[in-house]
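Asker: Sequence:
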Amino acid sequence: MSPCVLPGNNPMLVDVASFSAFHVSDSFQFHSLLDKFPTDSSHYNFAALFCWQDTYNSCWQINDNHLLLLNGKTQTLLMPLGPELSANDLLRLSQSLRSQALTGTIAMVPPTYIEQHADLEKHFCIRPDRDNADYIYSAHKLAELRGRKLSRKRNQIHQFLSNHPHYVCRELQPEEWPRCRQLAAEWSHKRHDVALHESPEYNALQRAFQNCRELGIRGFGLFVAQKLVAFSIWSRQNRDTATVHFEKFDPAVKGAAQMINRETARHLISWARWINREQDLGIAGLRRAKLSYLPDRLLLGFTAYPRNPASQ
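Quick note on my numbering: the sequence shown kicks off at 103 and runs consecutively.
The hints are simulated quantities; they were obtained by calculation from the structure and are not laboratory data.
Be a bit skeptical, because a hint or two may be false.
Stated by the list, open to error - Heads up, simulated DSSO-like pairs for lysine-lysine below, C-alpha to C-alpha not over 27 Å straight-line:
1. Lys224 with Lys251
2. Lys392 with Lys251
3. Lys243 with Lys392
4. Lys224 with Lys243
5. Lys356 with Lys292
6. Lys292 with Lys138
Please construct the entire structure, taking both the sequences and the accompanying hints into account.
Answerer: Listed below in structure tokens is the structure:
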């Protein structure tokens, strides 16, 4: 069932019951709107939303040419994507959601929007959401790893090449997804001592593997002696940006993590200028790892919490 497309006579009056779950058949309609209003933010990536929807109870609708994405777990609406809205539009939207027992909180508000709409703070308490900032890298930077600050990455790759001179790195075929699932399970156990099937990531990976063609998901694998030792999974974000959704490696193979990162960038560089490696979710180790590759920018969003909601 596709989401309800609501009429435009009052776009900020939202019927929560009209939100729908994500289905692979929605991809064309979703991307038709995204093509008109492109964004580098992975929070609006259809493949990611589809794969993780069970974890976040995510749903969507189109309202007067605006894409509305609701995180049911946190009862938070992402900043509508479409023609620009005024601060009063966002207030009406928030009030409409609160009248239907939701929080009225709006996430991923761009900093430029806040700068251009000073009156927004009359109605909302604005806070940066660092944990959910996207890491954006130059594809050339990740492919070449030049400079003193990235010398450790190059050294780890040289160690891998010295130990495994006959490695193979290539695009994965759908029939190889079970090998990726097995490696992901081993990675989860070795890194976190958690069974993959017990983590939300398991369901997201399953959805990605089972619907790869419909979602436009592609995979890239690193092989040593025909054994898969690392893989990445990505999709096209927009005309010049790829978003990497998953990346796993065998911790016992030194340099495998750095190799799959570099080789994925070399594979994508034929068309992608930028690579979005998504968020660190506030996880200290993940933040260190992402920062160690020197992102060209952090795509930071702000969360708008309604002020005195009972009195508005």
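Asker: Indicate, hint by hint, whether the structure satisfies it.
Answerer: Cross-check of the supplied hints:
1. Only pairs whose Cα atoms come within 27 Å are accepted, and Lys224 paired with Lys251 is rejected, the gap being roughly 43 Å.
2. In summary, the hint linking Lys392 to Lys251 is supported, as the alpha carbons are separated by about 14 Å, within the 27 Å threshold.
3. Of the pairs offered as hints, the one joining Lys243 and Lys392 holds, with about 13 Å between alpha carbons and a cut-off of 27 Å not exceeded.
4. Pair hint Lys224 plus Lys243 does not hold up; C-alpha atoms about 42 Å apart against a cutoff of 27 Å.
5. Between the alpha carbons of Lys356 and Lys292 the distance comes to roughly 14 Å, so the proposed pair stays at or under 27 Å and holds.
6. The hinted pair formed by Lys292 and Lys138 fails the criterion: a straight-line CA distance of about 43 Å is larger than 27 Å.
Checked against the numbered hints given earlier, this structure breaks hints 1, 4 and 6; the rest are met.
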